[in-house]
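There are 2 protein chains.
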Amino acid sequence: MKLATLKQGGRDGRLAVVSRDLSRYALPEIFTLQEALDDWDQAQGRLKALYDELNADGGKGEPFDPGQCHSPLPRAYQWADGSAYLNHVELVRKARHSEVPASFYHDPLMYQGGSDSFIGPRDEIFAQPEWGIDFEAEVAVVSGDLKQGATPEEAAQAIRLVMLVNDVSLRGLIPDELAKGFGFFQSKPASAFSPVAVTPDELGDAWRDSKVHLPLRVTLNGNLFGYPNAGQDMTFNFGQLLAHITKTRDAEAGTIVGSGTVSNKQNDLYGSSVEHGGVGYCCLAEVRMYETIESGKPQTPFMDHGDVVEVEMLDANGNNIFGTIINRVNTQYYSEFK
Amino acid sequence: MKLATLKQGGRDGRLAVVSRDLSRYALPEIFTLQEALDDWDQAQGRLKALYDELNADGGKGEPFDPGQCHSPLPRAYQWADGSAYLNHVELVRKARHSEVPASFYHDPLMYQGGSDSFIGPRDEIFAQPEWGIDFEAEVAVVSGDLKQGATPEEAAQAIRLVMLVNDVSLRGLIPDELAKGFGFFQSKPASAFSPVAVTPDELGDAWRDSKVHLPLRVTLNGNLFGYPNAGQDMTFNFGQLLAHITKTRDAEAGTIVGSGTVSNKQNDLYGSSVEHGGVGYCCLAEVRMYETIESGKPQTPFMDHGDVVEVEMLDANGNNIFGTIINRVNTQYYSEFK
Chain A
1 MKLATLKQGG RDGRLAVVSR DLSRYALPEI FTLQEALDDW DQAQGRLKAL
51 YDELNADGGK GEPFDPGQCH SPLPRAYQWA DGSAYLNHVE LVRKARHSEV
101 PASFYHDPLM YQGGSDSFIG PRDEIFAQPE WGIDFEAEVA VVSGDLKQGA
151 TPEEAAQAIR LVMLVNDVSL RGLIPDELAK GFGFFQSKPA SAFSPVAVTP
201 DELGDAWRDS KVHLPLRVTL NGNLFGYPNA GQDMTFNFGQ LLAHITKTRD
251 AEAGTIVGSG TVSNKQNDLY GSSVEHGGVG YCCLAEVRMY ETIESGKPQT
301 PFMDHGDVVE VEMLDANGNN IFGTIINRVN TQYYSEFK
Chain B
1 MKLATLKQGG RDGRLAVVSR DLSRYALPEI FTLQEALDDW DQAQGRLKAL
51 YDELNADGGK GEPFDPGQCH SPLPRAYQWA DGSAYLNHVE LVRKARHSEV
101 PASFYHDPLM YQGGSDSFIG PRDEIFAQPE WGIDFEAEVA VVSGDLKQGA
151 TPEEAAQAIR LVMLVNDVSL RGLIPDELAK GFGFFQSKPA SAFSPVAVTP
201 DELGDAWRDS KVHLPLRVTL NGNLFGYPNA GQDMTFNFGQ LLAHITKTRD
251 AEAGTIVGSG TVSNKQNDLY GSSVEHGGVG YCCLAEVRMY ETIESGKPQT
301 PFMDHGDVVE VEMLDANGNN IFGTIINRVN TQYYSEFK
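Chains A and B supply the protein sequences, listed in that same order. Heads up: the first sequence at position 172 corresponds to 172 in our numbering, and the numbers run straight through without jumps. Heads up: the second sequence at position 284 corresponds to 284 in our numbering, and the numbers run straight through without jumps.
Take the hints with a grain of salt, since some may be wrong.
Each computed SDA-like pair below joins lysine to any residue, with the alpha-carbon atoms no more than 25 Å apart [said to hold, decoys possible]: (1) A:LYS247 / B:ARG11; (2) B:LYS247 / A:GLN186; (3) B:LYS7 / A:ILE30; (4) B:LYS147 / A:GLY306.
If you're looking for bench data, these hints aren't it; they were derived computationally from the structure.
Only chain A is shown next, with the shape it has when bound in the complex:
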């Protein structure tokens, strides 16, 4: 089943059921995605029936336009972002000549993100260029209710939906913020999620061990920048990431957990880039770390006005699963905010 939220109605938008091929949508009786998640046992059958109708009858529904979409949850009660691809962390540490603590391999890194006001999958990123504007292409899941102490296995069973996310990151603000000791805040502005969220069964064999075993495709200004496999080198699966939340508290239906920047282990700067046969990168910071490791300083600039990042995932037959996130950076309009 594929679900989207249209920019209609109130702050939470209007839930839409989208055909498997992303060509058409129909409006269910349930108004918002959060309402469906709040009572999933009741909701899923009714949504699935409409989804099956849409797929069976090519004449049913209205044309689906990802440009009319909010993030599936325009605002959420929880957005917790992990950093499960330790290759990314290893590169960060190597670039600054420090070791990865042993605990990082059994205790997930996770930060609490702002979830009150996401941007949409086709919205602009408003920021100042001196903030070091970067993207982070990730996979994310939406869970049902989990009680304090839930195990990774219980948490895996509670995964309701899978999405993609561009976790916009302001690299220039991170060092001062982390030095304060309280974690990310201003350096992690509003994230953008894929036009469509899908139930895990839509992924077929690609959904195994609470991971998505498909390449995540990142395009920067029209050029393929990365396509690492999200199922590889993921040290903690989504069940484990969700269970990290529930060690000390409940997690309520609609909790979104991110995988962290997808990153596959590769060799060197030359061999890791797409043009030289590597799988590339899911954020600018990663290629800048390779550059720092090999030449002492980064070369690739962060994003500037007009730069466009796209994030999507294709199935084994080349079909777009989630729709494409397309975020353009706007640093000029930003001045109106000041």
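With chain A's structure known, arrange chain B on it following the hints.
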């Protein structure tokens, strides 16, 4: 105007208008507090009319029982907690023989807290004793919509409600978590808010410069433990704390911002305690820091099974403004979670 949320209806409870003296309540047409905040311009007049009726007619309404209350927002889209009383930070640093960075006096400390599932003002805290269970008594505000780049003055105008909060903290989990660099996560479980949230005008002259100029009273197992004035030594007011959020993104209606542990500048361990004429402390960590500074190590234990913390604020006439938070620690039931 005073508002509460009863443990009735769905996940968001049932909004109630409470009489000024906290004796009675009536149910407005608007069902939940988030609905009221989403459309505050429309809602506030209708809620205020009911509030005025309740106060004018002592026979109107039902008996109000804080034990039937959720936190005013049982789940929220944002809970961002500042650390605006720098005396607390200065003591932390002094206890570990380090300096407070100069930037801390002009750039607020703030972490993103989990907001999907708060506990109620009279609910138990489920935790393991070895986690170092502590309370943090704070003031918090709920804001309306703020655009990216909002100034402290604009943010101050958008403050809709004031509450108290017990920001439960697990001190034993903090060092390892902060060492990972991503900030608090498991060490900050679900917070509890006061039974009642009030509009700033209810505070009269005590609401000045976006601060609450009244003592915050903390009682531990029936003994007064602290009553520092929340209007004193607050380096950043609530307008400034809200504006910290909006530097890089919007903040949506219903955003909750906390002050951090209220802490007044005092002299030494002896003079700071309530029994020796000081104003005491709003968390156990603070007296433990005085102990560490003076004797090399902390003496006061953290909370254990059955310990009860109460947080409240009285007006100039001794009337309870927000109702009392009463949280008991339960470490035995915790084992059922494991």
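Do the hints match the structure? See the list:
Taken as a hint, the LYS247 (chain A) and ARG11 (chain B) pair is honoured in the structure, with Cα atoms around 22 Å apart against an allowance of 25 Å. Pair hint LYS247 (chain B) plus GLN186 (chain A) holds up; C-alpha atoms about 7 Å apart against a cutoff of 25 Å. Under the criterion of a C-alpha separation no larger than 25 Å, the hint pairing LYS7 (chain B) with ILE30 (chain A) is consistent with the structure, at around 24 Å. Pair hint LYS147 (chain B) plus GLY306 (chain A) holds up; C-alpha atoms about 22 Å apart against a cutoff of 25 Å.
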